[in-house]
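2 protein chains.
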Amino acid sequence: MPATGEDQDLVQDLIEEPATFSDAVLSSDEELFHQKCPKPAPIYSPISKPVSFESLPNRRLHEEFLRSSVDVLLQEAVFEGTNRKNRVLQWREPEELRRLMDFGVRGAPSTHEELLEVLKKVVTYSVKTGHPYFVNQLFSAVDPYGLVAQWATDALNPSVYTYEVSPVFVLMEEVVLREMRAIVGFEGGKGDGIFCPGGSIANGYAISCARYRFMPDIKKKGLHSLPRLVLFTSEDAHYSIKKLASFEGIGTDNVYLIRTDARGRMDVSHLVEEIERSLREGAAPFMVSATAGTTVIGAFDPIEKIADVCQKYKLWLHVDAAWGGGALVSAKHRHLLKGIERADSVTWNPHKLLTAPQQCSTLLLRHEGVLAEAHSTNAAYLFQKDKFYDTKYDTGDKHIQCGRRADVLKFWFMWKAKGTSGLEKHVDKVFENARFFTDCIKNREGFEMVIAEPEYTNICFWYVPKSLRGRKDEADYKDKLHKVAPRIKERMMKEGSMMVTYQAQKGHPNFFRIVFQNSGLDKADMVHFVEEIERLGSDL
Amino acid sequence: MPATGEDQDLVQDLIEEPATFSDAVLSSDEELFHQKCPKPAPIYSPISKPVSFESLPNRRLHEEFLRSSVDVLLQEAVFEGTNRKNRVLQWREPEELRRLMDFGVRGAPSTHEELLEVLKKVVTYSVKTGHPYFVNQLFSAVDPYGLVAQWATDALNPSVYTYEVSPVFVLMEEVVLREMRAIVGFEGGKGDGIFCPGGSIANGYAISCARYRFMPDIKKKGLHSLPRLVLFTSEDAHYSIKKLASFEGIGTDNVYLIRTDARGRMDVSHLVEEIERSLREGAAPFMVSATAGTTVIGAFDPIEKIADVCQKYKLWLHVDAAWGGGALVSAKHRHLLKGIERADSVTWNPHKLLTAPQQCSTLLLRHEGVLAEAHSTNAAYLFQKDKFYDTKYDTGDKHIQCGRRADVLKFWFMWKAKGTSGLEKHVDKVFENARFFTDCIKNREGFEMVIAEPEYTNICFWYVPKSLRGRKDEADYKDKLHKVAPRIKERMMKEGSMMVTYQAQKGHPNFFRIVFQNSGLDKADMVHFVEEIERLGSDL
Numbered sequence: 001m002p003a004t005g006e007d008q009d010l011v012q013d014l015i016e017e018p019a020t021f022s023d024a025v026l027s028s029d030e031e032l033f034h035q036k037c038p039k040p041a042p043i044y045s046p047i048s049k050p051v052s053f054e055s056l057p058n059r060r061l062h063e064e065f066l067r068s069s070v071d072v073l074l075q076e077a078v079f080e081g082t083n084r085k086n087r088v089l090q091w092r093e094p095e096e097l098r099r100l101m102d103f104g105v106r107g108a109p110s111t112h113e114e115l116l117e118v119l120k121k122v123v124t125y126s127v128k129t130g131h132p133y134f135v136n137q138l139f140s141a142v143d144p145y146g147l148v149a150q151w152a153t154d155a156l157n158p159s160v161y162t163y164e165v166s167p168v169f170v171l172m173e174e175v176v177l178r179e180m181r182a183i184v185g186f187e188g189g190k191g192d193g194i195f196c197p198g199g200s201i202a203n204g205y206a207i208s209c210a211r212y213r214f215m216p217d218i219k220k221k222g223l224h225s226l227p228r229l230v231l232f233t234s235e236d237a238h239y240s241i242k243k244l245a246s247f248e249g250i251g252t253d254n255v256y257l258i259r260t261d262a263r264g265r266m267d268v269s270h271l272v273e274e275i276e277r278s279l280r281e282g283a284a285p286f287m288v289s290a291t292a293g294t295t296v297i298g299a300f301d302p303i304e305k306i307a308d309v310c311q312k313y314k315l316w317l318h319v320d321a322a323w324g325g326g327a328l329v330s331a332k333h334r335h336l337l338k339g340i341e342r343a344d345s346v347t348w349n350p351h352k353l354l355t356a357p358q359q360c361s362t363l364l365l366r367h368e369g370v371l372a373e374a375h376s377t378n379a380a381y382l383f384q385k386d387k388f389y390d391t392k393y394d395t396g397d398k399h400i401q402c403g404r405r406a407d408v409l410k411f412w413f414m415w416k417a418k419g420t421s422g423l424e425k426h427v428d429k430v431f432e433n434a435r436f437f438t439d440c441i442k443n444r445e446g447f448e449m450v451i452a453e454p455e456y457t458n459i460c461f462w463y464v465p466k467s468l469r470g471r472k473d474e475a476d477y478k479d480k481l482h483k484v485a486p487r488i489k490e491r492m493m494k495e496g497s498m499m500v501t502y503q504a505q506k507g508h509p510n511f512f513r514i515v516f517q518n519s520g521l522d523k524a525d526m527v528h529f530v531e532e533i534e535r536l537g538s539d540l
Numbered sequence: 001m002p003a004t005g006e007d008q009d010l011v012q013d014l015i016e017e018p019a020t021f022s023d024a025v026l027s028s029d030e031e032l033f034h035q036k037c038p039k040p041a042p043i044y045s046p047i048s049k050p051v052s053f054e055s056l057p058n059r060r061l062h063e064e065f066l067r068s069s070v071d072v073l074l075q076e077a078v079f080e081g082t083n084r085k086n087r088v089l090q091w092r093e094p095e096e097l098r099r100l101m102d103f104g105v106r107g108a109p110s111t112h113e114e115l116l117e118v119l120k121k122v123v124t125y126s127v128k129t130g131h132p133y134f135v136n137q138l139f140s141a142v143d144p145y146g147l148v149a150q151w152a153t154d155a156l157n158p159s160v161y162t163y164e165v166s167p168v169f170v171l172m173e174e175v176v177l178r179e180m181r182a183i184v185g186f187e188g189g190k191g192d193g194i195f196c197p198g199g200s201i202a203n204g205y206a207i208s209c210a211r212y213r214f215m216p217d218i219k220k221k222g223l224h225s226l227p228r229l230v231l232f233t234s235e236d237a238h239y240s241i242k243k244l245a246s247f248e249g250i251g252t253d254n255v256y257l258i259r260t261d262a263r264g265r266m267d268v269s270h271l272v273e274e275i276e277r278s279l280r281e282g283a284a285p286f287m288v289s290a291t292a293g294t295t296v297i298g299a300f301d302p303i304e305k306i307a308d309v310c311q312k313y314k315l316w317l318h319v320d321a322a323w324g325g326g327a328l329v330s331a332k333h334r335h336l337l338k339g340i341e342r343a344d345s346v347t348w349n350p351h352k353l354l355t356a357p358q359q360c361s362t363l364l365l366r367h368e369g370v371l372a373e374a375h376s377t378n379a380a381y382l383f384q385k386d387k388f389y390d391t392k393y394d395t396g397d398k399h400i401q402c403g404r405r406a407d408v409l410k411f412w413f414m415w416k417a418k419g420t421s422g423l424e425k426h427v428d429k430v431f432e433n434a435r436f437f438t439d440c441i442k443n444r445e446g447f448e449m450v451i452a453e454p455e456y457t458n459i460c461f462w463y464v465p466k467s468l469r470g471r472k473d474e475a476d477y478k479d480k481l482h483k484v485a486p487r488i489k490e491r492m493m494k495e496g497s498m499m500v501t502y503q504a505q506k507g508h509p510n511f512f513r514i515v516f517q518n519s520g521l522d523k524a525d526m527v528h529f530v531e532e533i534e535r536l537g538s539d540l
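Top line first, the protein sequences correspond to chains L and C. Heads up: the first sequence at position 528 corresponds to 528 in my numbering, and the numbers run straight through without jumps. Heads up: the second sequence at position 162 corresponds to 162 in my numbering, and the numbers run straight through without jumps.
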């Protein structure tokens, strides 16, 4: 395509771009080389408006676009997307969203102008999970320091498996995992650990390590000729325990669910009964997964008592503190996880209470070397033993991924930015907000707590609209109340004013679960949530 | 701490920041509210120099820092980090790196100035995997469009499991996975699929789906009472097949490794022998994992023939095209994967040949619904069935993760930017470079090919230093040659001039494997690699 006008200038600029290192090499040695190799083609070809296909950043071609994109992101996603004056989302039904956004990909190349429009639409129609009024999940917030570190990770595009490819991140993981183990209470921070893509996978690693320790032959021989392995977790535990037990060939039936008390905590006497039952059945109990911070209620299983049981029956104690682990950095609240230092393994996701960007999940182990023992296959092409540096820093063979993102940087950088004291203040403020919100609704007509005294920062409650108040004894009360939360949720989604989730559990009608992690929220926000739910449900 | 001078102004600014929505609500209804709830504390507290602990971006506090950070990243990582004039890495031994960088985290909060210094050090001492001379792994490049999309993903911080939380990314995944299936050749693009954190996990999903289809009871009951499951893959296949088979309770011994021919392709007659052997043993063969683009040699297993065998024995055919899948977008090169449309499942990582940022991996299935059937647990708190929208868009129960990054955006955005034609040009250029490089070394003294005619863009070769030339028949030739690649690798790492890996395989002494994905490379770069290796090894 012939270049014209402005394009021609750009082409000229590109052609005149200073010689690269390879150019220099080429000219110094050119004649000799051309005796042996075909002549190289010119480096640059004319650039027309649509973007080039080449995967190498070029300042002249890309800097303006990159900066304009950052402008869009800072303005629309980071600042306006977290501004209380703006909506959390612009709800669109799938069909409508398909009309508003051209999702098709098999077209011609785009121009930078078109791409900026595309980018704006992606931001516009995405839910602003960093918005103060997004209290829908066990994650929220767009932490500015976490964000910078994510952006750095992307710009460096590393994979953490060998020291030669990821020197900084290998050492950084070592430090952060050790510090986290020390906070858990493992002696001297010793043990093992891994950053992995989400708490579910972390729980899966725990099952795998427990199983390996129980019977190392499993790694080679598999489960088919073994006794039936059984593990125990509470009925309120995260679904990943079942899911990963199934994935790992143990089967969901062999996850024995232990009853919880009215506040959602594992009933230890039932645990003992179920262990005894499994033994009577001739099965092989090998692991208990306690939960520190359940998904819905935010309950903490009694770890000390469970640890005693595990000790007696020689079972691996895993603590799924994906959600609750954040409380460990607070002197005031870490008592919730009392006994966690007795665990064999702990899942702790800094992307939940500590608001590191998605995903930042860890499995921490009290035992050294178990990850590698359970998972290594010694791939010769990646983990060569004749390297010139100490290959103990090639950590990649201990995980089940091959390439692995450097999820450590975001958390390390946030920690560096705020200090341990800052993380502690963050956690304490989130607890204060949750306490304040609880106090608000406890004394307010139309609100009713599901758990009178929440242990954590999930608050479960019903909003009882005026038409249902004082009618608890009527036969259809529960059915009617069951429909309230979904209707209010629909309204808040369609207005985009806030996002909070609901669910039924244990025979209860649907109730709201509001969850706090964002320390940028304040007491006025708590009041806002109360009033917004009242406003949305006023006519129900 | 009392605020002074500039800080005082900032505090004043913050206090005067326009009232938020919650302020507005508060003032309109204030009196009524305070009858029922405690009085909220003031929103802002004085800001001293060290950063605030709060997880909410604030334009006044953070914009300058965010923009300065982007400046560092664009300058040092994106542009200078990929400039041929600069080094690929600054090698430091672990101990030295620990001295140069303060990895410690348990200190006080930092200032923005300190954090910028920290950020610069992270960039400085990280390997520049986007540098044209980083040809060490099956990934490289920092694609500018992929990068923008990653930055957008981070700014939005989504998790792809429900339509309510990730409307844009749910629909985007649907489109991209369908298009990828169509390119694979699945009829009408129909089937199932998932973006997952790396090709190893994708291969793990394939094993899980194959196993579930073989015997759906496994999901609930596990493997303990079943016949011994056996799967087959070549001895050159990626180690993740063994690793995930072990993780999933099948055991590494039950991955039967099939011989490869001299060019690294699965020997189909040996496959048949091994299937027959497993049947004689009373085991239960259920799956073959063929490889399209092996890790070291870049070989393509003969999929058509393997598909015939799978059809005969009723085995699930998986094709691990994590690395080779990129060739499918090229009319010229897709013949390498002939027959892939007969696969039951395909792993294809756009983060490899197509240079999407890490991680962007997919599992594509010819069968609809199998992922959910194999993995769903119907968690009631997340996948409520009484939502106001069509819950078929809540895709999260089909994967084993709970939270899941929106890895689709980067690839979708690159595809949108370059068009399918751009992706094709990218692939064709990478092949051309590989071909050119091969031609260079074939005719050059001191270089010897491991595989005379490479099928793909991994080129395996020895550099034979002058002292060893013409001495092939001597007894210690192989031992001496074995030490050459590690020594040259050490030198290039210490100089930071390039990065290419080496390994021994099949009794061969260590050989180099150079891998191309970055279409920003040109023929002059190919010449540079040849000459750089000669320079580094000239005195050996």
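What the hints contain is simulated information worked out from the structure, not anything from laboratory work. Mixed in with the good hints there might be a few duds.
No distinction is drawn between identical chains; accordingly, a pair holds when it is met within one copy or between any pair of copies.
Computed list of lysine-lysine pairs in BS3-like fashion (alpha-carbon distance at most 30 Å, straight line) [as the list claims (entries may be wrong)]: (1) Lys425 - Lys120; (2) Lys478 - Lys385; (3) Lys332 - Lys305; (4) Lys483 - Lys385.
Quick rundown of the hints versus the structure:
{"no.": "1", "hint": "Lys425 - Lys120", "result": "between (35 Å within a copy, 27 Å between copies)"}
{"no.": "2", "hint": "Lys478 - Lys385", "result": "between (66 Å within a copy, 18 Å between copies)"}
{"no.": "3", "hint": "Lys332 - Lys305", "result": "within (21 Å within a copy, 65 Å between copies)"}
{"no.": "4", "hint": "Lys483 - Lys385", "result": "between (62 Å within a copy, 12 Å between copies)"}
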